[in-house]
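Engineer: If you read the sequences in order, they're chains U and V. For the first sequence, the numbering used here begins at 1330 and goes up steadily by one. For the second sequence, the numbering used here begins at 202 and goes up steadily by one.
There could be a bad hint or two in this list.
Under the rule of at most 35 Å between Cα atoms (straight-line distance), these lysine-lysine pairs were calculated in the DSBU-like manner [claimed, not checked]:
#1 U:Lys1386 <-> V:Lys240
#2 V:Lys302 <-> U:Lys1413
#3 V:Lys302 <-> V:Lys240
#4 U:Lys1386 <-> V:Lys306
#5 V:Lys306 <-> V:Lys240
#6 V:Lys306 <-> U:Lys1413
Just so you know, these hints were derived from the structure itself, not from any lab.
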Amino acid sequence: MLEISITIAYFIISLALLLSFVRLVIGPSLPDRVVALEMIATITIGYIAVYTLSSGKTAFLDVAMVLALTAFLAAVGFARLVTKGGGAHVD
Amino acid sequence: MTEILVSLFLLIGCGFMLIAALGLVRMPDLPMRLHATTKAGALGAGLMVIAVGLYFFGDVGVAARSAAIIIFIVLTAPIAAHLIGRAGYFVGVPMWSETVKDELKGQYDTHEQVLLSPAKGDKDAEEQSDRS
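Take these sequences, add in the hints, and give me the full structure.
Structural biologist: Structure below.
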């Protein structure tokens, strides 16, 4: 029961990761790409949750916690970079 | 019983994650994309982490870490979305061509990033906006 749903979860979440990569590649502006990066970080947290279930090693939850913190800091930094105009970007 | 509950939370969380990714690809506009990813993505990740906490039920360390992850996601996702949307609006990312109303248009000085609407003394604020 649980093995089957873990396999299905891996498949669905990989599909979501693929769709986010599509937006990361074709995103017309820099903030769109930042949104895609944020989504990829959230999906990676979900990936870590599924892997914790399938491997039984609870130490991976620390990784998920640190990843959530880092993704938030990256989003704040990107927003500041975009607002203050720290480089060329496509509108 | 526990396995059924864990599978249910895991699959519902995955579904919300997929919906968020679909919205990220299909929505026509930066604020709409933010709307899709922030709400559905945070809910999906939270449900999946709840599934982990249920699977290791009784382990206090896992429960505490799961609760910390969920609280952190729920606290930081709206802040990050607000910052990105604000930056995108100031940079001038084009909105959807069928957008009905833009309430913020003309309310902000996009260079100084301060609100133009005066609290009191209309003349001073108008002079300032004329000067800039």
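Engineer: Determine for every hint whether it applies to the structure shown.
Structural biologist: Status of the hints after comparison with the structure:
1. U:Lys1386 <-> V:Lys240: Holds, at roughly 29 Å.
2. V:Lys302 <-> U:Lys1413: With Cα atoms ~27 Å apart, Lys302 (chain V) and Lys1413 (chain U) stay inside 35 Å; holds.
3. V:Lys302 <-> V:Lys240: holds (22 Å)
4. U:Lys1386 <-> V:Lys306: Status violated; Cα separation ~52 Å.
5. V:Lys306 <-> V:Lys240: Judged against 35 Å, a Cα distance of about 25 Å means the pair holds.
6. V:Lys306 <-> U:Lys1413: Answer holds: Lys306 (chain V) to Lys1413 (chain U) is near 20 Å, not above 35 Å.
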